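Undergrad: Sequence:
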Amino acid sequence: MKRYLAIIIACICIAWVGMHYNQGKSRELIQSPNSTTENYGNDSIVFSDSSLEKAIREKISKPSGQIYKVDLENITELEVVSANIKELSGIENLTNLEELNLSFNDINDISNISNLTNLVKLNLSDNYISDISALNDLKDLTQLNIQNTWVKDITPLRNLSKLEVLNISHCENIDLENIHVLGELNNLTELYFYNYELSDINFLNNLTNLTNLSLYLNKVNDLDVLSKLTKLSWLRLGFYESIDLSFFKTLTNLTELYLDYDGNADISHLSNLSNLQKLQLSSHFFRGKSNLKDISVLNNLENLTELILFNAEISDISSLRNLMNLTKLNLAYNEISDISALSNLECLTELDLSNNQISDIGALSGLVNLTELKLNNNKITDISPLKKLSKLKTLLLNENHIHDYSPVEGYYLKLNFKDF
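Residues in the sequence shown are numbered from 0 upward in steps of one, following numbering that gives the first Met the number 0.
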């Protein structure tokens, strides 16, 4: 009897083990991705940089667990700015990326982006990048920003024939022997390039599609090549020496001009720029003062809406009286005492007359649309003309000879920014 009982128990145990073994195999068959379809996208991706991984997890809404390739398929845009990213390992798996912004990080090696061939817009500015050979195969790029990096060799750019916008400002290590490469980028419409060692800008001869150009130079005396860029609508130009500005005669499509210089400048050549809407003439970025005493040419630029004549030794502003469309006017740091020409500029909303020789501000009494007015560092004693300027949100009156502030008490508490 005992013998039969032992046999029965043994059979039960064997059956129990077999049942659980089969269940385990079944479960394994269900859970294991054995087919090609089930295996797709299940490769685990590792990002060596924790800041980059954090950004990716936020993008795919997956705060924890393994990241798989399939998780990254829908990412077409990625912006991770000022995140202290140092390494890009893993980013090569974001193969559907079209726009990538990694500006203001600590990146020095960009080799991992070399196969992101769908990229159209790429911003790598303000990093420690010196080698951009990884860009060679990114032939669909239309916008590239590598400003403020350590890039030396820009020859890889010659392969990016679709580039329309390029920013290489403040790349002080660029080998200027290769600057001619830029002339091969015939589709460029915008170029931003600050380099005070640049002396030859003939590469611009071929870039006749440019509409926006920013050049800060030191050693260039001949800017005639700019006369060929007749499509320019936006131009920022900076230089240290007095140069011939006659090239402006052909740039009649300009709507915005920012001219920063040190020395004398004959601005009479601006007279036919009738489409100008924004104009800045100043020595704000340079060491000395500019000499811009005669601004009578501005009388013809009636479409101007914004005008900056900063630190230009100007004393006579009578030629501004016809600029009725002006909404913003900056005349700070000049030698102006008579502002009567401003009395009819009723569209003005922002006016900076700080650091001049002004004592009489009666001309301002009718400028009721002003929201910002800066009169600090002048010789003003009477501010009664300001009584009706109730739209003001900013009012600076410091460093004058004012004792009675009652004319502005009606809106004093509404001022967002004041210095008295």
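Hint data in this document are derived by calculation from the structure and do not stem from the laboratory.
Worth double-checking, as some hints may not be accurate.
[Stated by the list, open to error] Below are the BS3-like pairs computed for lysine-lysine, each with C-alpha atoms no more than 25 Å apart in a straight line:
| hint | residue 1 | residue 2 |
| --- | --- | --- |
| 1 | K277 | K248 |
| 2 | K392 | K378 |
| 3 | K138 | K53 |
| 4 | K227 | K151 |
| 5 | K161 | K85 |
| 6 | K151 | K68 |
| 7 | K413 | K386 |
| 8 | K248 | K230 |
| 9 | K227 | K327 |
| 10 | K327 | K277 |
| 11 | K392 | K417 |
| 12 | K151 | K120 |
| 13 | K68 | K85 |
| 14 | K327 | K413 |
| 15 | K390 | K378 |
[Claimed, not checked] Listed next, with one range per pair, are the computed distances between beta-carbon atoms:
| hint | residue 1 | residue 2 | range |
| --- | --- | --- | --- |
| 16 | E301 | T229 | 21 to 27 Å |
| 17 | E78 | N204 | 16 to 22 Å |
| 18 | N117 | D42 | 50 to 56 Å |
| 19 | D315 | K230 | 16 to 22 Å |
Because the structure is a prediction, the values reported are computed rather than measured.
From the three backbone atoms N, C-alpha and C, an ideal C-beta is built for every residue, glycine too.
Undergrad: Now look at each hint and say whether the structure bears it out.
TA: Here is how each hint holds up against the structure:
1. Between K277 and K248 the alpha-carbon distance is near 17 Å, which keeps this suggested pair within the 25 Å criterion.
2. For the given pair, K392 sits about 22 Å from K378 by alpha-carbon distance, which is consistent with the 25 Å threshold.
3. The straight-line distance between the Cα atoms of K138 and K53 is roughly 29 Å, outside the 25 Å bound, and the hint therefore fails.
4. Restraint check: the Cα-Cα separation between K227 and K151 comes to about 28 Å, which exceeds 25 Å; the hinted pair is violated.
5. Of the pairs offered as hints, the one joining K161 and K85 is violated, with about 29 Å between alpha carbons and a cut-off of 25 Å exceeded.
6. Under the criterion of a C-alpha separation no larger than 25 Å, the hint pairing K151 with K68 is inconsistent with the structure, at around 34 Å.
7. For the given pair, K413 sits about 14 Å from K386 by alpha-carbon distance, which is consistent with the 25 Å threshold.
8. A distance of roughly 13 Å separates the Cα atoms of K248 and K230; the hinted pair therefore holds under the 25 Å criterion.
9. At most 25 Å may separate the alpha-carbon atoms for a hinted pair to count; K227 and K327 exceed this at roughly 31 Å.
10. About 9 Å separates the Cα atoms of K327 and K277, which keeps this hinted pair within 25 Å; it holds.
11. Straight-line distance between C-alpha atoms of K392 and K417 comes to about 8 Å, which keeps the hinted pair within the 25 Å bound.
12. The straight-line distance between the Cα atoms of K151 and K120 is roughly 21 Å, inside the 25 Å bound, and the hint therefore holds.
13. With a C-alpha separation of about 22 Å, the suggested pair K68 and K85 falls inside the 25 Å cut-off, and the hint holds.
14. With a C-alpha separation of about 21 Å, the suggested pairing of K327 with K413 holds against the 25 Å cut-off.
15. Restraint check for K390 and K378: the C-alpha separation of about 24 Å stays at or below 25 Å, so the hint holds.
16. Between E301 and T229 the CB atoms are about 22 Å apart, so this pair conforms to the stated range of 21 to 27 Å.
17. Between E78 and N204 the CB atoms are about 36 Å apart, so this pair departs from the stated range of 16 to 22 Å.
18. Hint check: N117 to D42, Cβ distance near 19 Å, so the stated range 50 to 56 Å is violated.
19. Between D315 and K230 the C-beta distance comes to about 35 Å, which lies outside the given range of 16 to 22 Å.
In this structure, the hints that do not hold are numbers 3, 4, 5, 6, 9, 17, 18, 19, in rising order.
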